[in-house]
Amino acid sequence: MIDYKDLFNTSYWRVTRTEKDGAGFFDAFYQRFLNSNTVVKEKFKHTDMETQKQALQQSLFHMCDFFVSNVADDHIQQISQLHSKSDMDVPPHLYDLWLECLIETVREYDPEFCLDVELAWRLVMISGITYMKFHYDETSPSQVSA
30 MIDYKDLFNT
40 SYWRVTRTEK
50 DGAGFFDAFY
60 QRFLNSNTVV
70 KEKFKHTDME
80 TQKQALQQSL
90 FHMCDFFVSN
100 VADDHIQQIS
110 QLHSKSDMDV
120 PPHLYDLWLE
130 CLIETVREYD
140 PEFCLDVELA
150 WRLVMISGIT
160 YMKFHYDETS
170 PSQVSA
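Numbering (my numbering), first residue to last: 30 to 175.
Worth double-checking, as some hints may not be accurate.
Taking lysine-lysine pairs in the DSSO-like style, the calculated list, with each CA pair at most 30 Å apart, reads [to be verified]:
(1) K162 to K82
(2) K74 to K49
(3) K72 to K162
(4) K114 to K74
(5) K82 to K72
(6) K72 to K114
(7) K114 to K162
(8) K162 to K34
(9) K82 to K114
(10) K82 to K49
(11) K49 to K34
(12) K70 to K114
(13) K70 to K49
(14) K82 to K34
Across the chosen pairs, the derived CB separations fall in these ranges [stated by the list, open to error]:
(15) I31 to S98: 16 to 26 Å
(16) N66 to S115: 17 to 27 Å
(17) Q87 to E133: 19 to 29 Å
(18) T76 to Q106: 13 to 23 Å
(19) S65 to N38: 24 to 34 Å
(20) N99 to Y165: 13 to 23 Å
(21) K74 to N99: 30 to 40 Å
(22) L128 to Q106: 12 to 22 Å
(23) M30 to H75: 40 to 50 Å
The set of hints was computed from the structure by calculation and includes no laboratory data. Treat the numbers as computed from the prediction; the structure is a model and nothing was measured. For each residue, glycine too, the CB sits at the ideal point set by N, CA and C.
Modelling step: build the complete structure from the supplied sequences, incorporating the hints.
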């Protein structure tokens, strides 16, 4: 029986400790993601990428917790609201692109990448992605009039 949470965590540890051509995992991921689509590049035009990379690191752990617990913590809820149509307007189809760019970067950085590692990353990420997509059309609490 495969423990996908453990497999994800072990792979995460490997990719974040590996550099290729002087670039770390998160640098490589964002380079791939930003170059994948003009809409993505536009969305990140005014983003402090150092802060963004730190936010992604934190979010990956929250995604793993969500995968295990099926409970959307405050972080997942806040990020979902921030990415919704009423705020940053991150369309649901971009999450699929995000995941594919993430998997390709894991493939590049994890020396033990295999189908089980890929499945672990996909399983851990998909519940959070589904949550984000589901809440895309919700109105921000601050935009609801009494």
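S115 and N66 - C-beta distance against the hinted 17 to 27 Å: 22 Å, holds
Status of the given 13 to 23 Å range, CB of Y165 versus CB of N99: 20 Å, holds
Hinted pair K114 and K74, Cα distance within 30 Å: Holds, at roughly 18 Å.
Hint consistency between K162 and K82 [alpha-carbon to alpha-carbon, up to 30 Å]: This hinted pair holds, its Cα atoms lying about 21 Å apart.
Given pair status - K114, K82, alpha carbons within 30 Å: 22 Å, holds
Agreement of K49 and K34 with the hint, judged by alpha carbon distance not exceeding 30 Å: 25 Å, holds
Hint consistency between K114 and K162 [alpha-carbon to alpha-carbon, up to 30 Å]: 10 Å, holds
Range hint 40 to 50 Å (beta carbons of M30 and H75) holds or violated: Given a distance of about 46 Å, which is inside 40 to 50 Å, the answer is holds.
Restraint check for K82 with K49, where alpha carbons must lie at most 30 Å apart: Distance ~17 Å between K82 and K49 Cα, so the pair holds.
Holds or violated: K74 to K49, with C-alpha atoms at most 30 Å apart: 25 Å, holds
K82 paired with K72 [C-alpha distance capped at 30 Å]: Distance of about 15 Å is within 30 Å: holds.
Range hint compliance [Cβ, Q87 to E133, 19 to 29 Å]: About 22 Å separates the Cβ atoms of Q87 and E133, which means 19 to 29 Å holds.
In terms of the numbered hints stated before, the structure departs from none.
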